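Visitor: Given next are the chains, with one letter for each unit.
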Amino acid sequence: MARTAGETNRKKLHSYYDYSLLFLTLFLVCFGLVMIYSTSSYNAQRLYGDATYYLSKQALLGGAGILIMLFVSKVDYRAYISKTPLIRIKPVTILYFLCILLQIAVIIFGEETKGAKRWLQIGSISFQPSELSKIAVILMTAYIVQLAPRRLDKIWGFIRVVFIIAPLLLLVISENFSTGLIIGIIMVAICFVASKKKAYFILSGLVMGALASLMIFFVDFRSDRVDAWINVETHEKGYQILQGLYAIASGGVFGKGLGESMQKLGFIPESHNDMIFSVICEELGLFGAVALILLFILLLWRIFIIAINAPDLFGGLVATGVLAHIASQVLINIAVVTSTIPSTGIPLPFISYGGSSLMVILFEIGIVLSISNQIKAQR
Amino acid sequence: MARNRSFNKRNILIVVVVILLVTMVLTGRLVYLMIFKSEYYAAKAQELHERERPIKAKRGSIYDINGVEIATNKPVCTISVIHSQIEEPEKVIEVLSRELGLSEEKVRKRVEKRSSIERIKSNVQKEVADRIREYKLKGVMVDEDYKRYYPYDSLASKVIGFTGSDNQGVIGLEVKYEEYLKGINGTILTLTTAYGVEIENAAEDRIEPQPGNDLYISLDVNIQKYAEQASYKVLESKSANNVKLIVMNPQNGQLYAMVNAPEFNLNDPYTLINEIANDYVGETISDEKLNELLNGMWRNACISDTYEPGSAFKIVTTTAALEEGVLNLTDRFFCPGHKKVEDRIIRCHKAGGHGSQSFVDGINNSCNPVFIEVGARLGAENTYKYYERLGLFSKTGVDLPGEANSIMHKLDIIGAVELATMSFGQSFQITPLQLLTAASAAINGGTLVTPHFGIEVRTPDGRVVKTFDYKTTENVISAETSETMKQLLESVVSDGTGKRAYLPGFRVGGKTATSEKLPRRTGKYISSFIGFAPADDPQVIAIVLIDEPVGIYYGGTIAAPVIADLFDNILPYLGIEEKYTEQELKDYDIGTFEVPNFVGKTKNEMKDLLKIYDFGDIYPTGDGDIVIEQFPLPGEKVNRNSALVLYYE
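Chains as they are written, first to last, in the working numbering: chain A, 626 to 1004; chain B, 230 to 878.
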């Protein structure tokens, strides 16, 4: 916001920028890089002869992500729902349909790894469209809801939102259940915040729960995971989780020290990915793990503050969406790693190896920072 | 644009509260895992990470009766390379191929192989390994290890035995005393990655190995050497198949020597000795055949093979008859050259017969008809009673693996013919050691001893942890009978068929035997002799068996001298002094005299002087004519026939 010399003596409205959130984000990204180096150096050396193979890739994308974040934070978030000057279409609509196209593309051209198509190969960059879909869903849901927030007071208003998001949601679920779950949570969270009446949420929550458990128990591929979860020490598919438990438990209170993990030496497959939290526990102990959780809580708290202070409902809902996104991923990831719920592949935000995930989250933090930038604070 | 209402804010707070609740649950779960389940999972993880690497325990040594080491360990080294640590591959290849005598390409292949650790060569001599260590090459590992080593190579090979690749005993005493010798292996627990690669600098848990204990045996290296010399001499001169020789202390059963010539090299037990390999020159031996031949080579025939003892068994028959009181030394017998038993005619070895003779003459002549009659007087049941008492129905209990037992008739099928043949050692089989043990009882006052090698077990620092006791049965025969047996057997050597075992100065007793091998009439014999000394107080008893000698095969002719040769060497060694009788001094020119002073005498004078004195060999040296020095020195007392050295100038 521009200031003029004449305003100095009055109570002034300052444009606000949430530096706490920015620094928390930067700290988490850096901490993530340290842990990626710690967890991946052994495997990188073994497979590529270069201990920094994963670290340098992640650092590069992380750096790019931070630049994108800083740029996005300076763009007014309301621009996403105003018509672009040239083609007279709102960016949020473009993004939404782009994501649908990309999800279709991934089903047709996707790279198959471990029985699921999740990756699009563009040149030398492989990219996970489902990550981008998360932004699309946050923005789209918030946009639809804020158009007529009173409708959400009735269940039909909610169902209307679900119908609009459904095409993308179904496409995502068809290729990646875990991401679909996250997207569903984001959507529900935004609707929940916008609605004044809650009874139908409890009802639909039960219905969703029933549907989810049907999926979990009756689709072969997933009921195996439940078996593995129940018999983690004996089931052959429980291997990865069991190795994670070994790592967590052998950390004790203060851990073995940074870089001293034994389990990362090939015992936990791809320990720099979804299982990275277990190695953090092993190396930094309960102390380090709780500290990390507190950092996440702090980060979420900042987003919460921004959400409730957002200048308009759209900003508040978008911030809520980001909050729901990060919180659900952190909680589900930790729950999976500690074998609290059946295993499902969700990366730990900021920390786990994976460019698409990191870039998308940094993009979202950028939007939240941009919302914070629109808060008029009194000095 | 819609406003952000207060209920929206409250709703966000609800979301955050839900998040916080879930976070608390998960933190609780973490606390549970990392504090309460920590030990459980950490122990499991540790198990997964650790790899046990055994450290070989040092095997105990075997010492002879004088404390001479006859089986021990030699430090050897294993040379290996760790690919990732090598800094100068070319130098490593060059040094290793030169020092280890391996081809360069072979070393190169292993050095350049991408593996965690690659063995280049094992069983490398310590000196070579030390030299390699001196180069301080990065990535080259020198691991020390022990290899079983036998300082005397083939000495008593079939008795001592050897060890296999895991340092476990394969034959002989090495097997029998495995539990004392082997020690307890230690372990190194190292941490490894999931791919089994050891992690460097990780703290190692180490359980130290416990070395095995040392075994002290009654074998005497010197006696064994004398016995082997005597055996090889007759083995070669008679082109025999093999020669077995056992030397024992008849009073307590301690075995001093056990020879199975030809022996094999304990440091190279898997190579066939020439005596066997020569039969297969130019043939390729299948693995199965090789195995069979090796087993044959390793076989301790002294205890594992049975034979018909022949006339030496007359010791047992005589002992039994004397003890039972059916025989008096003065009893007279008549030998017409044969004896008819039922429908069979059994011949005496002397075609014309020995005519009328006393029993003493009968045993001196080893006359079969005499013993047929003695056997008949005893009867089958009494015969077996004494066989039993003298240990002929059971294994001797010697502390060696693979002992065989005797093969005897069933008591109820023994007729007159069987009884007759048994009386002179035919129609049944026993092991040489069984005969030696029975004969010992006959001459040691009537005690049946257990022949054995093992005396005691000591820790490496010399503390005795186990002393072996062996079963002895006293009074299996009476002392009087034993006394008579000693006299009879001494007379066999001094006046009878065993006279080639006669040693002036020593009182030797014994009995000869010539056993025809089965099947009969193939001209294959085992010549044997069993002898002991001194005859009045036996300190040593020995038996020799010459298997399939070529040419003369009479035990009295070829086997008795082997024992004489042996006793001549070992009796003085055992501290048994010569005592010559008047007759012997005269007959064998034995006695001492004082050496006169020859210094200053001329060659011609010496010629006459040497006729007066009883010197043996004379060794003159120097070119002169006058003696300037002499050995032995003047005034010394020397035996007759001693050598004399003279220096002329």
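Since the hints were derived computationally from the structure, they do not count as laboratory data.
Possibly wrong hints are sitting among the right ones.
[Claimed, not checked] DSSO-like, lysine-lysine: derived pairs with alpha carbons at most 30 Å apart:
no., chain 1, residue 1, chain 2, residue 2
1, B, LYS285, B, LYS238
2, A, LYS881, B, LYS624
3, B, LYS238, A, LYS823
4, B, LYS303, B, LYS287
5, A, LYS862, B, LYS266
6, B, LYS614, B, LYS639
7, A, LYS821, B, LYS454
8, A, LYS822, A, LYS862
9, B, LYS746, B, LYS518
10, A, LYS822, B, LYS238
11, A, LYS708, A, LYS1001
12, B, LYS367, A, LYS708
13, A, LYS699, B, LYS238
14, A, LYS881, A, LYS682
15, B, LYS624, B, LYS454
16, A, LYS779, B, LYS238
17, B, LYS273, A, LYS862
18, B, LYS238, A, LYS1001
19, B, LYS273, A, LYS881
20, A, LYS708, A, LYS682
21, B, LYS728, B, LYS579
22, A, LYS715, B, LYS238
[Claimed, not checked] Some but not every residue of chain B turned toward chain A, in silico, with C-beta under 7 Å:
no., residue
23, ASN233
24, ASN237
25, LYS238
26, VAL244
27, VAL245
28, VAL246
29, ILE248
30, LEU250
31, GLY257
32, LEU262
33, SER267
34, TYR270
35, ALA271
36, HIS278
37, ARG280
[Stated by the list, open to error] Per label pair, the in silico range of CB-to-CB distance:
no., chain 1, residue 1, chain 2, residue 2, range
38, A, ILE732, B, LEU242, 23 to 31 Å
39, A, LEU672, B, TYR378, 26 to 34 Å
40, B, GLU347, A, ILE732, 43 to 51 Å
Only a predicted model underlies this, so the values are computations on that prediction, with no experimental measurement involved.
We treat Cβ as the ideally placed atom computed from N, Cα and C, and that holds for glycine.
Visitor: Is the interface hint for B/LEU262 satisfied, with its Cβ closer than 7 Å to some Cβ of chain A?
Guide: Result: holds, 5 Å to nearest chain A Cβ.
Visitor: State, for the Cβ atoms of A/LEU672 and B/TYR378, whether the hinted interval 26 to 34 Å holds or is violated.
Guide: 47 Å Cβ-Cβ, so the 26 to 34 Å window is violated.
Visitor: Given the hint that B/LYS367 pairs with A/LYS708, does the C-alpha gap stay at or below 30 Å?
Guide: Distance of about 70 Å is beyond 30 Å: violated.
Visitor: Starting from A/LYS708, check that the Cα of A/LYS1001 is at most 30 Å away, please.
Guide: Distance ~25 Å between A/LYS708 and A/LYS1001 Cα, so the pair holds.
Visitor: Hint check: is the beta carbon of B/ARG280 less than 7 Å from a beta carbon of chain A?
Guide: For B/ARG280, the interface hint is violated, since the closest Cβ of chain A sits about 12 Å away, which is over 7 Å.
Visitor: Can B/ILE248 be said to touch chain A, with a Cβ gap under 7 Å?
Guide: Holds, about 5 Å.
Visitor: If you take the shortest Cβ to Cβ gap from B/LEU250 to chain A, is it below 7 Å?
Guide: With Cβ-Cβ at 10 Å, over 7 Å, it is violated.
Visitor: Tell me if the straight-line CA distance from A/LYS822 to A/LYS862 falls inside 30 Å.
Guide: violated, 43 Å
Visitor: Given the hinted pair A/LYS708 and A/LYS682, is their alpha-carbon gap at most 30 Å?
Guide: violated, 36 Å
Visitor: Within a Cα-Cα threshold of 30 Å, do A/LYS862 and B/LYS266 meet the stated pairing?
Guide: Holds: A/LYS862 and B/LYS266 sit about 21 Å apart, inside 30 Å.
Visitor: Holds or violated: the hint that B/HIS278 contacts chain A, with Cβ atoms closer than 7 Å.
Guide: Nearest chain A Cβ about 5 Å off; hint holds.
Visitor: Identify whether the interface hint at B/ASN233 stands, where standing means a beta carbon of chain A within less than 7 Å of its own.
Guide: holds, 4 Å
The structure fails to meet hints 1, 2, 7, 8, 12, 20, 28, 30, 31, 37, 38 and 39 from the earlier list, while all remaining hints are met.
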